[in-house]
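Asks: Using the hints provided, position chain B relative to the given structure of chain A.
Chains as they are written, first to last, in my numbering: chain A, 1 to 477; chain B, 1 to 477.
Hints are computed from structural coordinates only; laboratory data are not their basis. These numbers were taken from a predicted model, which means no experiment stands behind them. Among the hints, erroneous ones may be present.
Pairs count within a copy or across copies, as identical chains cannot be separated in the list.
No farther apart than 30 Å at their CA atoms in a straight line, the calculated lysine-lysine pairs in the DSBU-like style are these [stated by the list, open to error]:
id : residue 1 : residue 2
1  : K351      : K42
2  : K212      : K260
3  : K42       : K386
4  : K386      : K288
5  : K135      : K42
6  : K433      : K477
7  : K208      : K33
8  : K351      : K433
9  : K351      : K208
10 : K212      : K256
11 : K344      : K208
12 : K295      : K390
13 : K351      : K422
14 : K288      : K314
15 : K402      : K437
16 : K374      : K42
17 : K294      : K402
18 : K377      : K422
19 : K351      : K437
20 : K212      : K351
21 : K351      : K386
22 : K386      : K256
23 : K344      : K42
24 : K437      : K295
25 : K377      : K33
2 protein chains.
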Amino acid sequence: CIWVHRLHTFRYRHQQTTAKRVEEVEFDGPCMKTEVPGPRSKILAQQLEAIQSVVQVNFFCDYEESKGNYLVDVDGNRMLDVYTQIASIPIGGYSILYDPELFLGTFVNRPALGMMPPEQFSEKLVNGLMAVAPKGFSRVQTMACGSCSNENAYKAIFIWYRVRGQQFLSLVFSFFFQVPGCPDLTLLSFMGGFHGRTLGCLATTHTKAIQKLDVPSFDWPIAPFPQLRYPLGQFERENAQEEARCLEEVEDLIVKWNQKGRHVAGVVIEPIQAEGGDNHASFDFYRKLRGITKKHGCAFLVDEVQTGGGSTGKFWAHEHWGLDDPADIVSFSKKMLTGGYYQKNSFQPDKPFRIFNTWLGDHTKNLLLTEVIKVIKTENLLDQAKRSGKVILEGLYNLQDKYPHLLSRARGIGTFCAIDVKDEDTRNNLILKARNKGVVLGGCGTQSIRFRPALVFTEHHAHLFLDIFNDAIAELK
Amino acid sequence: CIWVHRLHTFRYRHQQTTAKRVEEVEFDGPCMKTEVPGPRSKILAQQLEAIQSVVQVNFFCDYEESKGNYLVDVDGNRMLDVYTQIASIPIGGYSILYDPELFLGTFVNRPALGMMPPEQFSEKLVNGLMAVAPKGFSRVQTMACGSCSNENAYKAIFIWYRVRGQQFLSLVFSFFFQVPGCPDLTLLSFMGGFHGRTLGCLATTHTKAIQKLDVPSFDWPIAPFPQLRYPLGQFERENAQEEARCLEEVEDLIVKWNQKGRHVAGVVIEPIQAEGGDNHASFDFYRKLRGITKKHGCAFLVDEVQTGGGSTGKFWAHEHWGLDDPADIVSFSKKMLTGGYYQKNSFQPDKPFRIFNTWLGDHTKNLLLTEVIKVIKTENLLDQAKRSGKVILEGLYNLQDKYPHLLSRARGIGTFCAIDVKDEDTRNNLILKARNKGVVLGGCGTQSIRFRPALVFTEHHAHLFLDIFNDAIAELK
Numbered sequence: 001c002i003w004v005h006r007l008h009t010f011r012y013r014h015q016q017t018t019a020k021r022v023e024e025v026e027f028d029g030p031c032m033k034t035e036v037p038g039p040r041s042k043i044l045a046q047q048l049e050a051i052q053s054v055v056q057v058n059f060f061c062d063y064e065e066s067k068g069n070y071l072v073d074v075d076g077n078r079m080l081d082v083y084t085q086i087a088s089i090p091i092g093g094y095s096i097l098y099d100p101e102l103f104l105g106t107f108v109n110r111p112a113l114g115m116m117p118p119e120q121f122s123e124k125l126v127n128g129l130m131a132v133a134p135k136g137f138s139r140v141q142t143m144a145c146g147s148c149s150n151e152n153a154y155k156a157i158f159i160w161y162r163v164r165g166q167q168f169l170s171l172v173f174s175f176f177f178q179v180p181g182c183p184d185l186t187l188l189s190f191m192g193g194f195h196g197r198t199l200g201c202l203a204t205t206h207t208k209a210i211q212k213l214d215v216p217s218f219d220w221p222i223a224p225f226p227q228l229r230y231p232l233g234q235f236e237r238e239n240a241q242e243e244a245r246c247l248e249e250v251e252d253l254i255v256k257w258n259q260k261g262r263h264v265a266g267v268v269i270e271p272i273q274a275e276g277g278d279n280h281a282s283f284d285f286y287r288k289l290r291g292i293t294k295k296h297g298c299a300f301l302v303d304e305v306q307t308g309g310g311s312t313g314k315f316w317a318h319e320h321w322g323l324d325d326p327a328d329i330v331s332f333s334k335k336m337l338t339g340g341y342y343q344k345n346s347f348q349p350d351k352p353f354r355i356f357n358t359w360l361g362d363h364t365k366n367l368l369l370t371e372v373i374k375v376i377k378t379e380n381l382l383d384q385a386k387r388s389g390k391v392i393l394e395g396l397y398n399l400q401d402k403y404p405h406l407l408s409r410a411r412g413i414g415t416f417c418a419i420d421v422k423d424e425d426t427r428n429n430l431i432l433k434a435r436n437k438g439v440v441l442g443g444c445g446t447q448s449i450r451f452r453p454a455l456v457f458t459e460h461h462a463h464l465f466l467d468i469f470n471d472a473i474a475e476l477k
Numbered sequence: 001c002i003w004v005h006r007l008h009t010f011r012y013r014h015q016q017t018t019a020k021r022v023e024e025v026e027f028d029g030p031c032m033k034t035e036v037p038g039p040r041s042k043i044l045a046q047q048l049e050a051i052q053s054v055v056q057v058n059f060f061c062d063y064e065e066s067k068g069n070y071l072v073d074v075d076g077n078r079m080l081d082v083y084t085q086i087a088s089i090p091i092g093g094y095s096i097l098y099d100p101e102l103f104l105g106t107f108v109n110r111p112a113l114g115m116m117p118p119e120q121f122s123e124k125l126v127n128g129l130m131a132v133a134p135k136g137f138s139r140v141q142t143m144a145c146g147s148c149s150n151e152n153a154y155k156a157i158f159i160w161y162r163v164r165g166q167q168f169l170s171l172v173f174s175f176f177f178q179v180p181g182c183p184d185l186t187l188l189s190f191m192g193g194f195h196g197r198t199l200g201c202l203a204t205t206h207t208k209a210i211q212k213l214d215v216p217s218f219d220w221p222i223a224p225f226p227q228l229r230y231p232l233g234q235f236e237r238e239n240a241q242e243e244a245r246c247l248e249e250v251e252d253l254i255v256k257w258n259q260k261g262r263h264v265a266g267v268v269i270e271p272i273q274a275e276g277g278d279n280h281a282s283f284d285f286y287r288k289l290r291g292i293t294k295k296h297g298c299a300f301l302v303d304e305v306q307t308g309g310g311s312t313g314k315f316w317a318h319e320h321w322g323l324d325d326p327a328d329i330v331s332f333s334k335k336m337l338t339g340g341y342y343q344k345n346s347f348q349p350d351k352p353f354r355i356f357n358t359w360l361g362d363h364t365k366n367l368l369l370t371e372v373i374k375v376i377k378t379e380n381l382l383d384q385a386k387r388s389g390k391v392i393l394e395g396l397y398n399l400q401d402k403y404p405h406l407l408s409r410a411r412g413i414g415t416f417c418a419i420d421v422k423d424e425d426t427r428n429n430l431i432l433k434a435r436n437k438g439v440v441l442g443g444c445g446t447q448s449i450r451f452r453p454a455l456v457f458t459e460h461h462a463h464l465f466l467d468i469f470n471d472a473i474a475e476l477k
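This is chain A alone, in the form it adopts within the complex (with noise of 0.2 Å):
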């Protein structure tokens, strides 16, 4: 078998090349003693059906036994880690890494940062968050989830969007907003996007009905994302095309959103849709965005809660696009283990308690996220995901070559990849296949499935996964 055999060739190189560390807290491969959710696992989901709803529960794990690349489970099973929480660790299970000491005052002194933060606050700032921010940021403000994030932006762009205008609009404001105080602004999303799950996260969030159903929504522009054709190569004049036009309704979509004096203060966009199907558009539909967003004063916000942290090869998707300006702010969270985004200078508020509130995110995670980032860097973790993910892709185009009618549109950058599966019974079937064969997997938009390994995922893990994943697929009817 080619997998085999490639697997084999790449441990011969592995061993050659990377750190040792990585390897002394790792296991050797998946390891699988029953079906998933083994019968602990369906036990202790019975136990919780009496306290809260487990429709969506997997299984349960044993988080002192998981390490580095390996999830291991209730009932023992060891299983490779492609999905990590829903994309949300780092550096795999570093334990050994941390000194439990230098967390327990900050932990059970949970301090409410905005108002009085510990000693090394800055300094693990610096150390932190701002040692990776992405180029043309100096601020960031820290907050405890991905929708928290996103809301705060959101505010902070409606508060610059009213400060600024203001200044110089104030009669054509004062005509338009007739709520006084609160003003009818709004902000432009894409269809496909996801931004979380509060209320105003969830008018810019389109990918499922079911997250939406029944739940008031503000009524907000939403522009078209680009729908493209795979393989990209044989596709070029027609994705340019969409693209373009796409962009056309984004313009047009400010302009009379403008007139209607709803005013258009942001623009919300993932560097790939990520929750709605691994959905990519060309380097240079975001920079003419961006460009759209200069020309009509609208700010522009880049999501990173699901791509932002190195998967993609760079520590944030969107520094791939080239741009020396490509965003008024920036929201992460997942992997950088801390919510919070990064914002330009200008869109710090006026006045104090207007972005706050008690716990302003969680220092505990500022900790850990400095040491995280300090593996990452020492290591080289971005080479490696940058490695480990041609392997990864490579493998996928491999695979749709050799199962046509089953996989189709293999994408990615670093080893933020995906794949469609022909339909969604059968996408939801092969996770549960590679499942029980040892790799954890997840789902995204309709029929595709996202792979989303931790940093430490190497080259050696590629080959393992797709040896695995293959022979999941060759077991589908």
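Replies: Relative to the frame of chain A, chain B by itself:
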């Protein structure tokens, strides 16, 4: 001085009655070395200013040195903490009670709790959140923070209202809700209420204009909250009339909004309006309000983010009302360490992923809470809160008798107490004076001071606080 005298008497009783362990981690009183913020805090604020706004920062803390009821700042000032990180530290800096090893695996491998919970998840919920669940609740959903808790509780209410409504009122609904899927439902909230700062929560938050200014909002009904006159005993009839007026307005609003097709799906209220100024209403008011929600088919959401966790002398403030069925949903955060809400079974959405996000809270907080609840129970800290609260409130009554030109409206349940100062500037000045004498306090409303000690705040600390507070007041011109 009367306060010194009381303190001495108390110390004597205290030493005989309180468990040793609380004392072991405690300092014997405030110890001030500099003005607050001191030079080290100022340097750190300058450093932080380069990265984020510091206009809300009071001072920087040394959380490793902070123990029990004392907060130690980076200049070595040791202050009695009567604010507890905006009312969010349950039992003070009890670091020694926790074994860091317990938390490490979960801390580093942060689980996506909705999909891959850890083995002990149910058990920790049963011994943590469910061990202190308000009567009538057998289900709980964790969330990361207070705003997320309310945002998701609102969603649960809207889903419940529609799912129930569609069964009985499908014709009415299809007529009224013109936006398919996103109905024009509303939530009724109260003037002076505070429920968070994300866009959904913010539509129900009505404390300070600066919190809402420039941010688009939902147009939902807002009812008046009773403005009680103090002392309560002197204004019984007027206060009963005021409460009746507010309840009548609530019912009118529900009827009116339902009639115009913007149905009121739920009513959200705090047992004590905290951020809004520690505004109380009688238990009878809440009982009648509960009746109105039942009559009109609205969900009743009690927001215990600030009041929950034991400081009123019961674990939940709404338990004082003496109702068998006081609420449909109870939200919490702050002193509960994790955000979340208890819900009646009927509020569990009918389909998966309707209430969901990546982390759904943070399991390390569940672990910590389980330990905290053990301590609260074994050391009878709710009784402690009643005893200390009595000392605080009596002390506040004495102070307002002594300084009637400065202080008024002393009020509270348990240690959840407040007093009004003659105006906002004097209030702010008094808080600073108390801080420089070694007591950390926080304001609320326009001219109130709220007292929010931890549950380990004994009569001894109450006397100590009153003594210093008296000195600070005496210095006011």
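Asks: If a hint holds in the structure, say so; if it does not, say that too.
Replies: To see whether the hints hold, each was checked on the structure:
1. In the homo-oligomer, the alpha carbons of K351 and K42 lie at most 30 Å apart only across protomers (20 Å), although the nearest pairing inside one protomer, at 52 Å, exceeds that limit.
2. Both within a single protomer and between protomers do K212 and K260 lie at most 30 Å apart by alpha-carbon distance, with minima of 26 Å and 23 Å respectively.
3. Taking identical chains as interchangeable, the C-alpha atoms of K42 and K386 are never at most 30 Å apart, the minima being 38 Å within one chain and 43 Å between chains.
4. In this assembly of identical chains, K386 and K288 lie within 30 Å of each other by CA distance solely inside one copy; the values are 26 Å within and 63 Å between copies.
5. For the identical chains of this complex, K135 and K42 are inter-copy neighbours only, at 28 Å across copies versus 48 Å inside a copy, given an alpha-carbon limit of 30 Å.
6. In this homomeric assembly, K433 and K477 come within 30 Å of each other (Cα to Cα) only inside a single copy, at 12 Å, whereas the closest approach across copies is 76 Å.
7. Proximity of K208 to K33 under the C-alpha cut-off of 30 Å is found in neither arrangement, the shortest distances being 35 Å within a copy and 58 Å between copies.
8. In the homo-oligomer, the alpha carbons of K351 and K433 lie at most 30 Å apart only across protomers (24 Å), although the nearest pairing inside one protomer, at 54 Å, exceeds that limit.
9. Taking CA atoms no more than 30 Å apart as the test, K351 paired with K208 passes between copies only; the shortest distance there is 13 Å, against 37 Å inside one copy.
10. Proximity of K212 and K256 under a CA criterion of 30 Å is satisfied in both settings, with 25 Å inside one chain copy and 26 Å between copies.
11. In this assembly of identical chains, the alpha carbons of K344 and K208 lie at most 30 Å apart only when taken from different copies (26 Å versus 32 Å within one copy).
12. In this homomeric assembly, K295 and K390 never come within 30 Å of each other (Cα to Cα): the closest approach is 37 Å inside a single copy and 63 Å across copies.
13. Within a single copy, K351 and K422 get their C-alpha atoms only as close as 53 Å, which misses the 30 Å cut-off; across copies the closest is 25 Å, which meets it.
14. In this assembly of identical chains, the alpha carbons of K288 and K314 lie at most 30 Å apart only when taken from the same copy (21 Å versus 59 Å across copies).
15. In this assembly of identical chains, the alpha carbons of K402 and K437 lie at most 30 Å apart only when taken from the same copy (20 Å versus 76 Å across copies).
16. In this assembly of identical chains, K374 and K42 lie within 30 Å of each other by CA distance solely across copies; the values are 28 Å between and 39 Å within a copy.
17. For the homomeric pair K294 and K402, neither the shortest alpha-carbon distance inside one copy (45 Å) nor that between copies (62 Å) is at most 30 Å.
18. Neither within a single protomer nor between protomers do K377 and K422 lie at most 30 Å apart by alpha-carbon distance, with minima of 39 Å and 56 Å respectively.
19. For a Cα distance limit of 30 Å, the shortest separation of K351 from K437 across copies, 28 Å, qualifies, whereas the shortest one inside one copy, 55 Å, does not.
20. With identical chains, the CA atoms of K212 and K351 are at most 30 Å apart between copies only, with a shortest distance of 12 Å across copies and 33 Å within one.
21. Taking the closest pair of Cα atoms, K351 and K386 never come within 30 Å of each other, the shortest separation being 43 Å inside a single copy and 39 Å across copies.
22. With identical chains, the CA atoms of K386 and K256 are never at most 30 Å apart, being 42 Å at best within one copy and 60 Å at best between copies.
23. For the identical chains of this complex, K344 and K42 are inter-copy neighbours only, at 24 Å across copies versus 49 Å inside a copy, given an alpha-carbon limit of 30 Å.
24. Taking the closest pair of Cα atoms, K437 and K295 never come within 30 Å of each other, the shortest separation being 52 Å inside a single copy and 55 Å across copies.
25. Taking identical chains as interchangeable, the C-alpha atoms of K377 and K33 are never at most 30 Å apart, the minima being 36 Å within one chain and 41 Å between chains.
Violated hints for the displayed structure, listed by number in ascending order: 3, 7, 12, 17, 18, 21, 22, 24 and 25.
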